[in-house]
Amino acid sequence: MIALATRLTQWQWPDGGWNCDRRPNVAHSSFHESLPPLRGLAAYGGFPDATARAAEFFLRHRMFRTESDGTVINPEWLQLHWPAYWHYDVLLGLRAITEAGLVRDDRCREALDHLESQRGPDGRWRANGRRYWLRRGDVNVDVI
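Using the numbering used here, you'd call the opening residue of the sequence shown number 1476 and step up by one each time.
It should be emphasised that the hints constitute simulated quantities derived from the structure, not laboratory data. None of the values given here were measured: they were computed from a predicted structure. For every residue, glycine included, the Cβ atom is placed at its ideal position computed from N, Cα and C. Be aware that a few hints might be false.
Pairwise CB distance ranges, derived in the manner of DEER restraints [said to hold, decoys possible]:
{"id": "1", "residue 1": "P1550", "residue 2": "D1496", "range": "21 to 31 Å"}
{"id": "2", "residue 1": "G1595", "residue 2": "R1570", "range": "14 to 24 Å"}
{"id": "3", "residue 1": "D1580", "residue 2": "P1511", "range": "27 to 37 Å"}
{"id": "4", "residue 1": "W1600", "residue 2": "A1518", "range": "17 to 27 Å"}
{"id": "5", "residue 1": "D1544", "residue 2": "L1587", "range": "15 to 25 Å"}
{"id": "6", "residue 1": "D1544", "residue 2": "N1500", "range": "32 to 42 Å"}
{"id": "7", "residue 1": "P1596", "residue 2": "N1500", "range": "24 to 34 Å"}
Whole structure, please, built from the sequences with the hints as guidance.
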């Protein structure tokens, strides 16, 4: 485990997250690709500085907004998905921030309020976002 956690910290981008995009002009981490390392480092517990930097990446964005002008990065992130697979949404982001011990940060408030607004009259939440799995008979390749 220590070898994997060490490698994750070595691959961490300057903005605190991760991104597999190797193009030289890419300078911003991916929410999708930063979520699993944050959760792993928070669970492992051996790299508090790297964990804090990763959490700060999400907190700077208030979990779903651009840093530059505060607009919603992707409206689909405000929907609830189950299962979410590798896709980011506000629920999974809040879960990761909770696991990192930082959900009481004021920058989570809007995301928490939004999550609460999704609660149904019966007190439960329902997945209301795009489903990422295939239905019987669907394919995930295009035939040319």
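request  = Report the numbers of all earlier hints that the structure fails to satisfy, in ascending order.
outcome  = Failing hints, ascending: 3, 6, 7.
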